[in-house]
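**Student:** Residues per chain are reported as follows:
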Amino acid sequence: MGILIDENTRVVVQGITGREAASFTEWMLDYGTKVVAGVTPGKEGMKVHGVPVYNTVKAAVENHDANTSVVSVPPRFTKDAVMEAIDAGIELVSVFTERVPRSDVIEMIQFAKDHGARIIGPNSLGSIVPGKAKLAAIGGPTEETNKAYTPGPVAVLSRSGGMMTETCSLMSVNGIGQSVAINVGGDPIIGSMFHELLPLLEKDPETRAVVIYGEPGTVAEETLADYIKEHGFSKPVVAFIGGGFVDKMPGQRFGHAAVIVTGKKGSVEGKKEALRDAGVLVADYHSEIITLLKEVLKMK
Amino acid sequence: MRLYEYESKMLLEKYGIPLPKRILVKTPEEAAKAVEELGGKAVIKAQVLTGGRGKAGGIKIANSPEEAKKLTEEILKMKINDFPVVAVLVEELLNIDKELFLACTYDEVAKQRIMLISDAGGVDINEVVEKDPSRVYREWFNPFYGMMAFKAKKMADFLKLPKDADRALQSVIMRLYNLAVDYDTTLAEINPLVLTKDGKIVAADAHIEIEDDAMYRQQQRLEGMGIHDRPSTPREPTEFEKLAEENDMSDHRGVAGRAIDFGGSLGCIIGAGGGSLTTFDAILRYGGNPANYCEVGGNPPVKKVYGLAKLVLSKPGVKGLLVCHNVYSNSRVDLVARGVIKAMLDLGINPAEYPVVYRGAGAFEEDGYAILRKYGVRYYDRRLGMDQAAKLAVEMLKLIEEKEKEGKSLEEAQKEVAQYIKTEEFVKKVLGEEVAKKVLEGL
Ligand SMILES: Nc1ncnc2c1ncn2[C@@H]1O[C@H](COP(=O)(O)OP(=O)(O)OP(=O)(O)O)[C@@H](O)[C@H]1O
Ligand SMILES: [Mg+2]
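Heads up: the protein sequence lines correspond to chains A and B, in order.
For the first sequence, our numbering assigns the number 1 to the initial residue and increments by one for each residue that follows.
For the second sequence, our numbering assigns the number 1 to the initial residue and increments by one for each residue that follows.
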């Protein structure tokens, strides 16, 4: 069984009649994902690539047993769409929309917490368990997805959608497949941070190693390092952080409060140090991920 | 968007937070008059989009209108952390007993708003708190419950102020929280929040930042207060950056821009977001000298890539080109290739004779490769890592510059290197036998 999703996952796409959502719905279907319904208020009765559209998530759940949602609605409607899905009993919500204001994001995350649901994103291109199922736009059309993502033993968690595909593609051409790849989302506040996904990967028998793609800003990587130090993690973790040059760029402004809340965290060098300190193997160059993975998987 | 102190204080005022009397001025003469109005003595404060003004000499006490005139003249000429001083706030001189600190921001890990309060307010807050974290009290807020009176009471009680001041502080805490929520602030900070000798609580400074992604619901009322949207970078964009921005704005589809001028000799057409960061890092780590940073992604049309490529290729000092993007699933490899080739042809550059390292992969890659082959450009596919492409490009530039040192003209050097980098020998030298074999096979 894969993590988060598999071939039995039943997906509803909120905002399915939008241009982008319609095209990734087609890609998901073609990949074999069960997209059972779509939701766009006022468009009930329509079909998008054969998928029936409803006005509410409730109807999608009642008629099709949907248990997972992909949300691709304009930023101002995203909070409500996510809460509607959770209220209807959806357990996993992958939020594709970007530029959702943070005060909306914390509300939808609180709502998910209060109802025992999980959010991936916002600003997530999606997730994939290669060969089984995928959420949202990750990997693009099937032909492209198959070139980049192949089944295997390594879980990939990434803050960048594009670099997740790049990383998995480079792994795949080097004969290293993925147990799951999750684009956690590019925003400062997200439903599932790296360290919050680690327990799932620890339990997953198919995952033998983990790759992390990080970026400058926020404390996602430092928090991951703290988590590993405190709770331990039995599988090797390889990390790469893009954008180190930003550390030296002028115009980085932080208020006093930001510095007090995060300490001096946020810089790429600081992140790498924290991760190394927690026993994570840190790649300085992106292609070094492959070298390190081959070592930990004893492929040579 | 960061607000100026005087704008931040307009918001505090709206929420009934006590403030010193103050007058915004733009000239030394106005400053002199303002000081007179405030009783002959006042604080002269630089209005600038950065902190640490006090330490940089942007906050001065004027003991007379004459002095105010002189100080204002000096302060208006200042740049602080590269940011220009746009005006001066002439402010009532407070009789300070204690400087406190109060702020509301987001905690990314708790995923809630957090408020911070401390008695170590003032220009040295960070140093003091780093040494002694116990000087700050933190309170987190469930967004559905919001501010509750007891939370403000707990926070204020941390400072153990006299009863009236404690009451006043609680009220400021609640008001600041409400302001933060209503205005989508990522930061609402009062440092210092002053306890005056006569027991009053007054906000002597304010720093508010409003989330860019929330501007759609904030812009209108901010404009109503005379607060306009603005870029947050200190320096003026260079000509290259301006043109690149114009080109990117010429069509709403995708991105072919976010260009930053680095002044070097390696022109870069890189993408998308994370891919640009990753490639650019590698260029710098390998000792390269990039002409520019940029991002190409989100499926831009040919004309935008063309526009950007033309700007990069004709940028003074550019001697060679790196095209490198992560595996595209949404953007099209062929459209990027088309844009780059068209730019070369328009500039009278023969693509086959120009030094370029081209690494592209993803959607419509076969069509892209066909175009590149047709024009004699050596390309690499997904087997070549992005950092490896960067290394090839950095070495390519070194070869060009070596030849120039040997006395060859730039055109000669470019022509020779353009041919040499297409050989297996070059790739082997830079990346080693094993990698070279792997990435070149079948190309
Ligand atoms: N109206 C005033 N009356 C008396 N003193 C003041 C007044 N305004 C500021 N000061 C003094 O000047 C110091 C610096 O002022 P302020 O905090 O406004 O600027 P700053 O240096 O930019 O702050 P920051 O370090 O928070 O960016 C304050 O800590 C306070 O001691
Ligand atoms: Mg201050």
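Source of the hints: derived by calculation from the structure; they are not laboratory data.
Treat the hints with caution; some may be incorrect.
Quick look at which bits of chain B chain A covers, simulated, 3 or more residues with Cβ under 8 angstroms [to be verified]:
| id | segment |
| --- | --- |
| 1 | 8-18 |
| 2 | 172-179 |
| 3 | 185-196 |
| 4 | 384-392 |
| 5 | 400-410 |
Glycine included, each C-beta is placed from N, C-alpha and C at the ideal position.
**Student:** Tell me, in ascending order, the numbers of any earlier hints that this structure violates.
**Tutor:** 1, 2 and 5
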